[in-house]
Amino acid sequence: MLADDGKRALPLSDEIEFSDMEEAIDAPERVAPVIEFRDVCLAFDEKVILDGISFSVRRGETKIILGRSGGGKSTIIRLILGLIKPDAGRILIDGEDITDYDEPELMQVRQKIGMVFQEGALFDSLPVYENVAYRLREQGVEEDEVEAEVRRMLRFVALEDAIDKMPSELSGGMRRRVGIARALVGDPEIVLFDEPTAGLDPPTARTICELAIKLRDLHDVSSIFVTHEMNNLRYLSSEYAVIDENGEVMFEKEGERLCMINTEIMMLRDGKVGFEGKDEELMRSEDPYIRTFVHGK
Amino acid sequence: MHLAAPERAAFCLPFSRLRCNLSLFFDETPPTRFLMNPLFRFIAELQDVSLLLWRSVVSLRHGPRYFAETLRQMDMIGVGSLPIVLLTGFFTGGVLVLQTYPTLEYYSIQNESGRSVATSLIRELGPVLSALMVSGRIGSAISAELGSMVVSQQIEAMRALGTDPIRKLVVPRIAALILMLPLLTVAADIFGLIGGGIVANYIYSQDVQVFVESVRNGISTKDIIGGMIKPIFFGLIIGVVACHKGLSTRGGTVGVGRSVTNSVVTASIWVIIFDFFLAKALQYLLDIGRL
Ligand SMILES: Nc1ncnc2c1ncn2[C@@H]1O[C@H](COP(=O)(O)OP(=O)(O)O)[C@@H](O)[C@H]1O
Ligand SMILES: [Mg+2]
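Just so you know, the protein sequences line up as chains A and B, in that order. Just so we're aligned: 64 in my numbering is position 64 of the first sequence, and the numbers increase by one with no gaps anywhere. One rule links them: number in my numbering = place in the second sequence (from 1) + 1000.
To be clear, the hints were calculated from the coordinates, so they are not data collected in a lab. Here the structure is a predicted model, which means the values were calculated and not measured. Hints may contain errors.
Unchecked claim - Dumping the calculated DSSO-like pairs for lysine-lysine here, alpha-carbon to alpha-carbon at most 27 Å: (1) A/K112 - B/K1168; (2) B/K1168 - A/K85; (3) A/K214 - A/K278; (4) A/K253 - A/K214; (5) A/K85 - A/K272; (6) A/K47 - A/K278; (7) A/K272 - A/K253; (8) A/K165 - B/K1168.
Please build the complete structure, drawing on both the sequences and the hints.
Printed below as a string of structure tokens:
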């Protein structure tokens, strides 16, 4: 479970043999994709947004989605949650085909998914506490259990003292972090981040990336991280979290010995998948479109 | 390439209106020129509103119900609107007597001034004016609230967190309007009669006893029943229109402003149009309005 002791941690510390790691990754329940798109098409009126998108996210993997604004990144996330339906193609969550599910069935699927919205999307009329507790309240959980869970989540995003504030009193970064806490209540196995760092200062953006890294490496959460900031991409695809001997979370850079395989990048281009692979391949790409994206020229 | 029409309509409504409307009439997404046609736009909107109402009714059958939220809305709608509705009623009753008394006096039937105020207030002006005031105060608030929740993605967040916004937001608001508007109307009627009595007594020096007597003679139980049935429908109209306009908001904060204006204008016009047909129906059903 998602406690700070890292019980579900991936074996990423130095003592682990490589053979162990491969075994863990190739275990049958880890190979089946958690999220899978098969040839998904979607058009709004006459405007084609997604034109045959296929990809999959494995358990414990983070998929970074790049693409220009208006390119359909948020649309992909809405499709995963079943907030909209594709015109064609199939969407599978945990091996379940949710494409034709109705609202009550989708509600069940959404229990497994935490969603961090572009601007936080906090409920303005509710204080931070109630925002984070929202999902538990809807499930009719006991009050003391709710309080313990809310405090645990706010501690995870380092915002415990904002518990009684209203969303309008929070800064942009705090709103985003409350949004993350709300998404993580109930320990979802999938977390979707929609441009969680857009419009934030670099240190706050870094904090949010660290949260995403912690979820990936210490809590075995599969996630999709939509962004178009290259800093985020660099943090997510080259650093990993470990617990040191004092029980503190540390962030280390991948090096000669360890190459991260749990983060992949996908770039959307004109409604199609324009690139899919590791960050090294992206950085080396000679494609002019990708180069303008990565290097800004 | 496209979902079967009813399936798409039922799912999308009201969260992506352009995608679902008219799909009952066309196999494919309709060409843009149809969307521009006012008649088709009207039919599409009527379809959307009916579907929203239908889904609200269906959601009453089972599943979570939000009583606390309904109570909160009743407080806001009922207690909150009381002052403006009372003022409206009071001065309308007053002005009715002020304007009709001289005419009645000309025909020497000024003793019946209470009757004329009572009939017009209870049958028509009480329900319609209260509905218009509530549409201005509450209809606008509802569509502004829901509209800003749409543009700040709060509605999507709600669905992502496993709540049906129709149950949580739409049903309590419509229910509160249906329950509170008849009560507000009664309060407006009573204050209108008081206002009329004060004008008759202080300006035209009519004996209070005479006024009260003619009010008593003027109204029947059927009038009162009719005057209570109308606001039920008006509450429904205001609630459904405001929720629909709010939830179908597009285009950021500018869109919210547009939704609010549309909601008040549309609800007010529908209240006035419906009033005519309701009056006709009630005349027929309850046999009122004929002497
Ligand atoms: N409900 C909708 N109706 C019509 N067009 C939409 C709707 N939602 C999104 N779009 C359009 O789809 C495109 C992709 O949007 P989005 O997925 O939000 O892009 P982004 O990659 O910036 O997140 C945009 O051009 C937007 O205008
Ligand atoms: Mg977006």
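To see whether the hints hold, each was checked on the structure:
1. A/K112 - B/K1168: Measuring from Cα to Cα gives roughly 21 Å; hence the hint holds.
2. B/K1168 - A/K85: Satisfied, since the Cα-Cα distance of roughly 22 Å is no more than 27 Å.
3. A/K214 - A/K278: Judged against 27 Å, a Cα distance of about 19 Å means the pair holds.
4. A/K253 - A/K214: With a Cα-Cα distance of about 14 Å, the restraint between A/K253 and A/K214 holds, given a limit of 27 Å.
5. A/K85 - A/K272: Status holds; Cα separation ~18 Å.
6. A/K47 - A/K278: 30 Å, violated
7. A/K272 - A/K253: 32 Å, violated
8. A/K165 - B/K1168: Judged against 27 Å, a Cα distance of about 23 Å means the pair holds.
Checked against the numbered hints given earlier, this structure breaks hints 6 and 7; the rest are met.
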